[in-house]
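Colleague: Chain residues, written in single-letter form:
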Amino acid sequence: GEDVEQSLFLSVREGDSSVINCTYTDSSSTYLYWYKQEPGAGLQLLTYIFSNMDMKQDQRLTVLLNKKDKHLSLRIADTQTGDSAIYFCAERLTGGGNKLTFGTGTQLKVEL
Amino acid sequence: NAGVMQNPRHLVRRRGQEARLRCSPMKGHSHVYWYRQLPEEGLKFMVYLQKENIIDESGMPKERFSAEFPKEGPSILRIQQVVRGDSAAYFCASSPTTSYNEQFFGPGTRLTVL
Numbered sequence: 001g002e003d004v005e006q007s008l009f010l011s012v013r014e015g016d017s018s019v020i021n022c023t024y025t026d027s028s029s030t031y032l033y034w035y036k037q038e039p040g041a042g043l044q045l046l047t048y049i050f051s052n053m054d055m056k057q058d059q060r061l062t063v064l065l066n067k068k069d070k071h072l073s074l075r076i077a078d079t080q081t082g083d084s085a086i087y088f089c090a091e092r093l094t095g096g097g098n099k100l101t102f103g104t105g106t107q108l109k110v111e112l
Numbered sequence: 001n002a003g004v005m006q007n008p009r010h011l012v013r014r015r016g017q018e019a020r021l022r023c024s025p026m027k028g029h030s031h032v033y034w035y036r037q038l039p040e041e042g043l044k045f046m047v048y049l050q051k052e053n054i055i056d057e058s059g060m061p062k063e064r065f066s067a068e069f070p071k072e073g074p075s076i077l078r079i080q081q082v083v084r085g086d087s088a089a090y091f092c093a094s095s096p097t098t099s100y101n102e103q104f105f106g107p108g109t110r111l112t113v114l
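Protein chains in written order, with our numbering: chain A, 1 to 112; chain B, 1 to 114.
Just chain B, with the same shape it has in the complex (with noise of 0.2 Å):
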């Protein structure tokens, strides 16, 4: 059972570009997390989503930021315009449909925004 796919592992990015950053959970999951850590800090949330459904936004910035789950697909988190302070590790995590206790996360995608 592959683990929770995240790609590209690494995007750079000019100030202004757009991000794309994709998440495939595990398979049976159908809940899906993003958390964006920044440099020396721990992980913070930015937002749920189930399928077709955003469940929670409450961490995500209220501009260029947008989180999809569609019912056929990976999720996607799109950046729009990008600034160097978006430059960080951002992590999708995926939970079980029957249990929300535990979360997998991803090997992440390190956005650097030159």
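Looking at chain A on its own, in the form it has when it is part of the complex (with noise of 0.2 Å):
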């Protein structure tokens, strides 16, 4: 069945490195995606990642992928106060459409 998992808060200092976790549960993922939601506002996609791939990286933005753990993760470095925000992950699956399944979402607060 479909079922991505986040967990739900994270802290860091302006200037680290954040790492948002997901997990999920269909090994017949096609595409991973990783959203970002502000206060009061719609998604915006930041990233996706195809099946077959185990890592994407774009300017600060690195995704890995581990199949075999069914494990998503989305790192961003040099974390800045305007990357506080909800960041959610999201399943297509294969024969699912084109339908997103997403996580429960994980707040990251940026601190100074």
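Hint data in this document are derived by calculation from the structure and do not stem from the laboratory. Careful: at least some of the hints might be erroneous.
Lysine-lysine pairs mimicking DSS-like chemistry, simulated, CA-CA at most 30 Å apart [stated by the list, open to error]: (1) A/Lys68 x B/Lys44; (2) A/Lys36 x A/Lys68; (3) A/Lys68 x B/Lys51; (4) A/Lys56 x B/Lys51; (5) A/Lys70 x B/Lys44; (6) B/Lys51 x A/Lys67; (7) A/Lys36 x B/Lys51.
Using the supplied hints, reconstruct the complex from the two chains, each of which is provided in its own coordinate frame.
Modeller: In structure tokens, the structure reads:
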């Protein structure tokens, strides 16, 4: 079945790296996504990775995928106060149409 | 290129009234998705539409909810006889005709049922 889990909260100091983790249960995921949601706003697509990849880097963002453990992570280098938001991982399944299944979100708080 | 547009941004209804939420996808996008976010939760898929067709409505409640995406005009999510449990943020997303890989989200409509 479809189940995507994330830890609820992460606090880091400005300038440090943040690592947000996500686990999923369905091995037929084709694409895995990271979205950012700021208060009162919609979701901003940050990056996504195809399931046959292990890693994807895009400027300060690094996505790591461990298919064996069904574990996805998002690393934000040099975290800034503007990175404070809720981060959602999501999966799109093979044969699941185009719908995305979202995790519950991780609230990232960046402290000075 | 304007992003996905939703209106109204905030909607207040009394129990038993109807709520109509509108979504205009990005230019060149013919796929529209509706998701619902309950307080303190992630987004849950409701329905996926293409022009004049409902492709997947597996996440839609069986009663009171309907969605359409006409040939002309925005996509509409309609909730009849709203109840307090319908209070949530409703997000629309769209993706290009040629690529399903990316879904771009609108700012959402926050529905409050009194």
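Colleague: Against this structure, judge whether each hint is valid.
Modeller: For each hint, the structure was consulted:
1. A hinted pair counts as satisfied when its Cα atoms are at most 30 Å apart, and A/Lys68 with B/Lys44 qualifies at roughly 26 Å.
2. The straight-line distance between the Cα atoms of A/Lys36 and A/Lys68 is roughly 26 Å, inside the 30 Å bound, and the hint therefore holds.
3. Pair hint A/Lys68 plus B/Lys51 does not hold up; C-alpha atoms about 39 Å apart against a cutoff of 30 Å.
4. Under the criterion of a C-alpha separation no larger than 30 Å, the hint pairing A/Lys56 with B/Lys51 is inconsistent with the structure, at around 34 Å.
5. Note on A/Lys70 and B/Lys44: the hinted pairing holds, with a Cα-Cα distance of about 21 Å set against a maximum of 30 Å.
6. This hinted pair does not check out: B/Lys51 and A/Lys67 have alpha carbons roughly 36 Å apart, beyond 30 Å.
7. With a C-alpha separation of about 28 Å, the suggested pair A/Lys36 and B/Lys51 falls inside the 30 Å cut-off, and the hint holds.
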